[in-house]
Amino acid sequence: MKTRLVRILALGLAGALMAGCSSGKEDSASTLAIVKGLFKPRPQASPPDAAQLNAAITGSLAASERPLVLLTLADHRVITIVERIEVNGAHETFAAPDRRTLTLMQGMLSGTRGLGHDLMSADVAESARLISAREDGAARRVQRYMNGENQIIEMTADCSVTRGDARRLTIGEIVARPVIEMHETCRMSDWQFENSYMVDAASGRVLQSRQWVGPSNGYAVLNALR
Amino acid sequence: MSCFSRGWSAAIALALWPLPGLAEEPGTGTQGGRLTTTVTDSYGAPGGLIDMPSAEMAPEAQISTTVSHYDGTTKTTLSFQPTRWLSTSFRYSAIRGLRPDPGRPPYDTYYDRSFDLRIRLLEETATRPAVALGLRDFVGTGLFGGEYIVATKAIGKRLRFTGGLGWGRLGSHGAFANTGTRPTSLLGEGGIPTHDRWFRGDVAGFAGLSYAASERLNLKLEYSSDGYEREVRDGITRHKSPWNVGLDYKVSEAFRLSAYSLNGSELGVSATLSLNARKPVVTGGAEAAPMPVAPRAAGAARDLGWTSGGAAGTARLRESVASGLRTEGLVLQGFTHDATSAHVAIRNPRYDIRAQAVGRTARVLTRTLPASIEMLTITQVEQGIPTSAVTLRRSDLERLEHRSADEILAAATFSDPLSIGGKPLSLRETYPRFDWSVGPFLRFSVFDPDSPVRANGGIALKADYHIAPGWRASGAVSVKLFGDLDDVRTVPTKLPRVRSNVGRYSATNDPTLDHLTLAHYGRPGKDLYSRITLGYLEKMYAGASGELLWKPVGSRLALGAEVNYVVPRDFDQLFGTRSHRTRTGTIPEVNGHISAYYDFQNGFHGQLDVGRYLAGDWGATVSLDRVFANGWRIGAYATKTDVSATAFGEGSFDKGIRITIPLSWGVGQPTRRRSDLVIRSLSRDGGARLHVDDRLYENIRDTHRPEMAKSWGKFWR
Chain A
1 MKTRLVRILA LGLAGALMAG CSSGKEDSAS TLAIVKGLFK PRPQASPPDA AQLNAAITGS
61 LAASERPLVL LTLADHRVIT IVERIEVNGA HETFAAPDRR TLTLMQGMLS GTRGLGHDLM
121 SADVAESARL ISAREDGAAR RVQRYMNGEN QIIEMTADCS VTRGDARRLT IGEIVARPVI
181 EMHETCRMSD WQFENSYMVD AASGRVLQSR QWVGPSNGYA VLNALR
Chain B
227 MSCFSRGWSA AIALALWPLP GLAEEPGTGT QGGRLTTTVT DSYGAPGGLI DMPSAEMAPE
287 AQISTTVSHY DGTTKTTLSF QPTRWLSTSF RYSAIRGLRP DPGRPPYDTY YDRSFDLRIR
347 LLEETATRPA VALGLRDFVG TGLFGGEYIV ATKAIGKRLR FTGGLGWGRL GSHGAFANTG
407 TRPTSLLGEG GIPTHDRWFR GDVAGFAGLS YAASERLNLK LEYSSDGYER EVRDGITRHK
467 SPWNVGLDYK VSEAFRLSAY SLNGSELGVS ATLSLNARKP VVTGGAEAAP MPVAPRAAGA
527 ARDLGWTSGG AAGTARLRES VASGLRTEGL VLQGFTHDAT SAHVAIRNPR YDIRAQAVGR
587 TARVLTRTLP ASIEMLTITQ VEQGIPTSAV TLRRSDLERL EHRSADEILA AATFSDPLSI
647 GGKPLSLRET YPRFDWSVGP FLRFSVFDPD SPVRANGGIA LKADYHIAPG WRASGAVSVK
707 LFGDLDDVRT VPTKLPRVRS NVGRYSATND PTLDHLTLAH YGRPGKDLYS RITLGYLEKM
767 YAGASGELLW KPVGSRLALG AEVNYVVPRD FDQLFGTRSH RTRTGTIPEV NGHISAYYDF
827 QNGFHGQLDV GRYLAGDWGA TVSLDRVFAN GWRIGAYATK TDVSATAFGE GSFDKGIRIT
887 IPLSWGVGQP TRRRSDLVIR SLSRDGGARL HVDDRLYENI RDTHRPEMAK SWGKFWR
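Heads up: the sequence lines are chains A and B, in that order.
Going by my numbering, the first sequence runs without a break in its numbering and finishes at 226.
Going by my numbering, the second sequence runs without a break in its numbering and finishes at 943.
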């Protein structure tokens, strides 16, 4: 799987500005890069249009047999297709080609890696049970992040899950599938967020969702493509 | 090789819309309900007023540099908030027009260093103000010397009232009482706390208010109890009014500008750059994701069919582990295994947070080793010697990958690699190895009375040849391209000239040999580490240096001893040496220390060195650092030896401030590079130590349990 996770130098690093040369292969940080990072304006890319998006979806479905998810991070202006690379128990890890990953537990976001301000882990079993069963109820979830000293901080949220309308969903290989809309409203001490899910009316599988990643990353929109 | 143009490649094949920048932390929230401010006053200390102090504190870990100026007087202040209740400031001031005291040498501009402390005694409550006690310029000449007790109360979110009592300079206008006589004579040769003056002499009241007109704009008004007596006497300023007004504008989170009136006769301006050691550019880092754990299929662990592979099978396994580690920027240095356990030794050139290096190695092992291998031991190698081993059960890695990092920490066992049984690890396979680098350098000297900052700049070439495990030859050559370090004043001394002639070593424009050494690092026994360095040790001395360190892998305490034999080098810094005799005495051949290092685990780290210094003086160095788990360190040290204050000269004894900045904090990527900065007074001969590269403790400490546990959150990152 390593070959699929193409290694890249992440953004902002501007290794080209290294103030010197060395034989080292692993280390291209420099003071200049710090300064550049602090003052760099946010580049504004233009979003792909519908035709480009459909072409990419069709191409990815043809190129891979694995589960695929279309990921949109509005705050980062990112749309990308991620592919499942590993399953550990209930957790499925999906990777983007630039070696950033997200992990889903029954379709619920349980971790990200490489976004910055990552969601390190999340206990979402209670919400997942209600959403999958398409039932109303109360759930408690725990989200874990790192602080500026790389220590884990836990945020506990009290959530209420409610069942919404029945709809039909079409994207990728999913065509006119009957789904139930589920809402999850969560509160914690400093934050509140509202997630929504389109759940397969037959299997209880989450097919589309809008989920809160964390204070710095905002919401992710996830569309299962098969 | 990595040279000026590496890494533009951004292979984003499928990503239609690549990640541009990463979001900053959301806007500042509350600071835990405590009275804090990121505004600084004209003295560069946290506070919403102008010349008068307040009981406010900066947020913990805040570091700011403020330059403030009014007509001929410039103050540059570095302030740091080590705890919620303590604020510290170091200031360097240049004052034009001040007349020297009788008997002091004449000058155009008076340069002065000063230190401030402020301690919060009471936190603010709904009905009670915050109360703080402070000492301004409490060391040495005390030009700005003053003490105060001050209270500040916030009314609503925008308005803060401050009132207090001041002594010294802060009691020099409108005094209504006095508490004894305030001495004016200098203690020792300066550089000593002015305890004889504190809270003595005239007492005056001061007051002020600050108003946050908007998110960015703060307005200030104060009644000042500073009469500017000396400046008025010397004709620098006039004192027309005790009322000062000012405004402060936040340009960005990191940058503020302010302007204010002083004494009804002057206009002052200041600029502040600030950062917080606890707020890296990207919290948790923006580096690429790790390989996930590859769980084993149920029952697979019982399959031992693979063990018939023999030596060829082991070699294949080793190559696949090495290749997995390479993708994570790690180097496999040793590998042994049997049917149920594996032991790998890694060299880690990339990750400053060692828990991340171990976590990524562990995941690579789950993806590469046969299923029957359950016990995984990861040994970190530093300077060619094994320094710490972490043993994990593979089933724990599988079970805890998506849980809190505390759980895998509780399941991990740390040990000294020497105490692990089984086949010894051979580290031999990755030797010899050659590393080199070329880059610019800058060397500074600060606080020369004639010129506050001097520097030499040029190009340095460094090379390390790792001959065999623990053996390293290294050298550095540099060429000065510009600079004025050779103008550093050579002050009179009563000691052998061991450091004060540093100017002569900076004079040559020819290439110099900065060091050329052969070093051996070893493990003489469990919990013991050794170092021997021979050759041209540093710019001024050649010789031999030997060190022994005791540091159990789980211990917060370490003990060390170092003995050095030194020969002074020629001023041209080539291969010659010169006599130990100097005009003021003979440089002893032998010096050395015994040292104790202790991690207090509350964010503070202390070190005590006792021994014989370069000039043959005996004494001790005490160092205390505020350390952050992300690698930031800010601390101070002081050395007192049996050299008297008079013999030592200006400053009475050696002391300084040191700051370590991890570059990963600023670039949002793991890197072991860091920037070390020491602010100290002019090189003198008392309390001077030999500079040897790569002493043991700093190389070993980060791989041991107390340090790794602090930032263990990175294990799963």
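These are calculated hints, taken from the structure and not from any lab test.
All C-beta atoms, glycine included, are put in the ideal place defined by N, C-alpha and C.
Be a bit skeptical, because a hint or two may be false.
[Said to hold, decoys possible] Among the chain A residues that face chain B by a calculated CB cut under 7 angstroms, a handful are:
(1) Thr93
(2) Met146
(3) Ala166
(4) Arg167
(5) Thr170
Cross-check of the supplied hints:
1. Thr93: 4 angstroms, holds
2. Met146: 4 angstroms, holds
3. Ala166: Cβ of alanine 166/A sits 31 angstroms from chain B, so the hint is violated.
4. Arg167: At 26 angstroms from the nearest chain B Cβ, arginine 167/A fails the 7 angstroms test, so the hint is violated.
5. Thr170: 20 angstroms, violated
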